[in-house]
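Q: Residues per chain are reported as follows:
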Amino acid sequence: MQLNGVPIEDTYAEAFPAVGARVLITAEDERWAREAAQSFTGFATSVIGCGCEAGVEGVDPGETPDGRPGVSVLIFAMSKKGLHDQLIKRVGQSVMTCPSTACYNALQGESWLSVGGKLRFFGDGFQFSKVLHGMLNPAGGRARRFWRIPVMDGEFVVEDRFGVAKGVAGGNFLVLGEGLQASLQAADAAVKAMRRVPGVIMPFPGGVVRSGSKVGSQYKFLTASTNTAYCPTIRRQVQSALPDDVGAVLEIVIDGLTPEAVAEAMRVGIHAACREGIKGISAGNYGGKLGKYHFRLHEILKSGGRT
Amino acid sequence: MTAQPMEEIVLTFKGTRGSTIPLEADPITPDVLQLKFRPEIERLPLYHGNEQVLLGDFFTVKGERSNQIRVQGDLSLVKNIGAGMQAGRIVVEGNVGMHVGARMSGGEIEIHGNADDWAGAEMTGGLLWIKGNAGNRAGSAYRGSKYGMRGGVILIEGSGGHEVGGYMRRGLIVVRGDVEDHTGARMVAGSIFVLGRLGARTGGGMKRGSIVCFHTPDMLPTFRLTSTYTPLFIPIFLRSLQARGFSVSEVQRARHFTRYCGDMAELGKGEILVCQG
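Chains as they are written, first to last, in the numbering used here: chain C, 1 to 307; chain X, 1 to 277.
Isolated chain C, as found in the complex (with noise of 0.2 Å):
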C-alpha cells in the first residue's frame, strides 16, 4: 500500500488499557491557562518514568463554567490509583500555584476521583464548598460540587470530584524518513493535523518521540532499551528494519478517550506526514502478546479512521 507514493507497511501499532481523565483549567487569560497547561502536562511523557502521560488537547474546550478562557488537559494513567495520585500532584502543585486559575472535572465518567475533596484541606478550614444541584447542571442530572480555597491572589476553585474513562495508550506510527529533516518536517506536519481530532494527545515533547523503545535488555536490571532495529547508526550490527535510504525515523505516540478516536489521529497523522523525502511508514508492536489494542495501518487508512 501507498499513501502520496509513500509506502504504508502491512504491519499493526500495538496499544493498551489506560484509565484517563480530561481536566478543563481556565484562567483570567488564555495565556495563563495555557502556563498552568503546560506546567500540568510537564515531565508527563510516559508512565514507565514519570507515572502518566499527559497533554493539552488541540480542540478549543469552548463554553467553560465560569465564561473564562480555557484549555482542555487529558491525563492517562495504568490505574485507577496511578491516576488519582497524579491528578492530585499535578492539580496541587501546578494549577493551584498559578495565577487566577480554576480547574473543571469535563468528563462524564464511568468512575469518580476525589480531587478537590482533597485539595481543599489546604484552605485549613477556611474552604467553602458550593453544590450545583443537579437540575442546574446543563451538563446532567449529577450535582457538582465545586471547593473555594483561599489564597493570595483571592480564591482558588476547584471541583471536587473527576470522572474517569477507560482509554487507550500507546497507539503510535513511525515515520521513516530520508534524514531528520525530512522527517521533522513530516512528523510537525503529522501532529498538526492530529490535535484538531478531539480526545487524544500526543504525549512527548512537540508531540513527537525520536527514543522509541523495544522490551527487553542485555542488561539484566532494564526493562526497555533502545529500538535497535530502527536506529541508522547501528544498522550494520543489528537486525535492522530501515531500508538503506532511510536516515532518521521518528515516533508519534497517541493516547486517547477511545480506540476510535486513536485510530483517527492516526490516519490523520500518516495522510499528514506522507510528503516528499519519506521513505516510508511503519509501526511499533511487541508481538501482539502485551497490548489490547492492534491498530492496523491498512485497515485504519482503508476504513478512514475506523477500527
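These are computed hints drawn from the structure, not numbers from a lab. These figures come from a predicted structure and were not determined experimentally. Hints may contain errors.
[Claimed, not checked] Using C-beta positions, here's what the derived DEER-type ranges look like:
| no. | chain 1 | residue 1 | chain 2 | residue 2 | range |
| --- | --- | --- | --- | --- | --- |
| 1 | X | R224 | C | E110 | 39 to 49 Å |
| 2 | C | S225 | X | T228 | 31 to 41 Å |
| 3 | X | K207 | C | S211 | 39 to 49 Å |
| 4 | C | K89 | X | E7 | 48 to 58 Å |
| 5 | X | L267 | C | P99 | 26 to 36 Å |
| 6 | C | F121 | X | E40 | 50 to 60 Å |
| 7 | C | R142 | X | R224 | 35 to 45 Å |
[Said to hold, decoys possible] Below, simulated DSBU-like cross-link-like pairs (lysine-lysine); rule was C-alpha separation at most 30 Å, straight line:
| no. | chain 1 | residue 1 | chain 2 | residue 2 |
| --- | --- | --- | --- | --- |
| 8 | C | K192 | C | K279 |
| 9 | X | K269 | C | K118 |
| 10 | C | K118 | C | K80 |
| 11 | C | K302 | C | K192 |
| 12 | C | K89 | X | K269 |
| 13 | X | K14 | C | K118 |
| 14 | X | K14 | X | K36 |
| 15 | C | K279 | C | K214 |
| 16 | C | K220 | C | K292 |
[To be verified] Away from chain C, derived, C-beta distances all over 10 Å, residues of chain X:
| no. | residue |
| --- | --- |
| 17 | L35 |
| 18 | S191 |
| 19 | G196 |
| 20 | S240 |
| 21 | S249 |
Ideal Cβ positions, reconstructed from N, Cα and C, are used throughout, including at glycine.
Given chain C's structure and the hints, the job is docking chain X onto it.
A: Coordinates of chain X only, in the frame set by chain C:
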C-alpha cells in the same frame, strides 16, 4: 402487562364555596396520585378545617395514574400541595397557599402565580420554581426545628418575604425581586442569591453559607469587610440558572464582589458578597 403511557392528572379547583377556612391538600403529590385510578383520587381524604372531606368535593379530576399533576384555579386557600413529595412534577396554574413543597425531597413544582408563606420550608431536594412572589419564610425552618432547607433549589421570580432561607443548611435560593428582613437569618450553609433589594438584618446570626446581593444591604455591625474580588462560583451559578431558563441577564456580567464575613457574633465563617459591577 405493558406499562400505560403516563398522561398528566388535571385537578381543577372548584373553590371553597365562600368559606375562608383553608383546605389542607397533603395528598396532592405525585407519590400518592401516580398509583391511583380516578375514582380513588376523588375519594382521597382532605381536611377543611376540622372536617374531613373528599378531594372530589373540591376538585374535578381528569386523568389517573400519573406522576405529572396540573392543578388549576385560585388555590390561595389550599395548603400543603406537594408537601413531602419525592419525585414527579406538579404545575400549579394560579396562586397557591401555604407550605407548598414543604419538606419535599425530589421532583419539581412550578407555580404560575404567587405562593404563600413557608414555601419549600425544610425541603431537602428537588426544584420549587415560583413564577410570582413568595410569602414569608421560603426555604426556612419551622419553629423549633434546628435547620431549614437542607437541599434542592428554590427559584422565585418575584419578591420574597421575611426570613427567606432562615436556618438554611444546604441548597440554593434565588430571588429575582426584593426580599424583606432577616434573609438568611441563622443560616448554617447553602447559598442565597437576591437580585433585588434586601431588608434589614441580612444574615443575622449566620454561621456559614453565602448570601449574594446585587444591591448593597444595610450591613450588620457584626460583619467585617474583607476584600473585593471575583468569586468564580457566582458566574458558574448564574450561567447555569440562565441555561435552565431562569433569566439573570441583568446581572450575568457581574464580576466584582465585596466580601463581608460574619456573623462575627456567631462562628463568623459565613459571607455576604455584594456586587460592585
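Q: If a hint holds in the structure, say so; if it doesn't, say that too.
A: To see whether the hints hold, each was checked on the structure:
1. X/R224 with C/E110: 39 to 49 Å: holds, 46 Å
2. C/S225 with X/T228: 31 to 41 Å: Once the Cβ atoms are compared, 59 Å apart, the range 31 to 41 Å for X/T228 and C/S225 is violated.
3. X/K207 with C/S211: 39 to 49 Å: Cβ of X/K207 to Cβ of C/S211: about 58 Å, so the range 39 to 49 Å is violated.
4. C/K89 with X/E7: 48 to 58 Å: holds, 54 Å
5. X/L267 with C/P99: 26 to 36 Å: holds, 30 Å
6. C/F121 with X/E40: 50 to 60 Å: 54 Å Cβ-Cβ, so the 50 to 60 Å window holds.
7. C/R142 with X/R224: 35 to 45 Å: Distance hint for C/R142, X/R224 holds at roughly 36 Å.
8. C/K192 with C/K279: Holds, because 20 Å separates the two Cα atoms, which is no more than 30 Å.
9. X/K269 with C/K118: holds, 20 Å
10. C/K118 with C/K80: holds, 15 Å
11. C/K302 with C/K192: Distance ~22 Å between C/K302 and C/K192 Cα, so the pair holds.
12. C/K89 with X/K269: Holds: C/K89 and X/K269 sit about 28 Å apart, inside 30 Å.
13. X/K14 with C/K118: Violated - the C-alpha atoms of C/K118 and X/K14 are around 56 Å apart, more than 30 Å.
14. X/K14 with X/K36: holds, 21 Å
15. C/K279 with C/K214: Cα-Cα ~22 Å, so holds.
16. C/K220 with C/K292: holds, 26 Å
17. L35: holds, 24 Å
18. S191: For X/S191, whose nearest Cβ neighbour in chain C is about 6 Å away, the distance does not exceed 10 Å, so it is violated.
19. G196: With a cut-off of 10 Å, X/G196 remains clear of chain C, as the shortest Cβ separation is near 20 Å.
20. S240: violated, 4 Å
21. S249: holds, 14 Å
When the structure is compared with the earlier hints, violations turn up for hints 2, 3, 13, 18, 20 and for no others.
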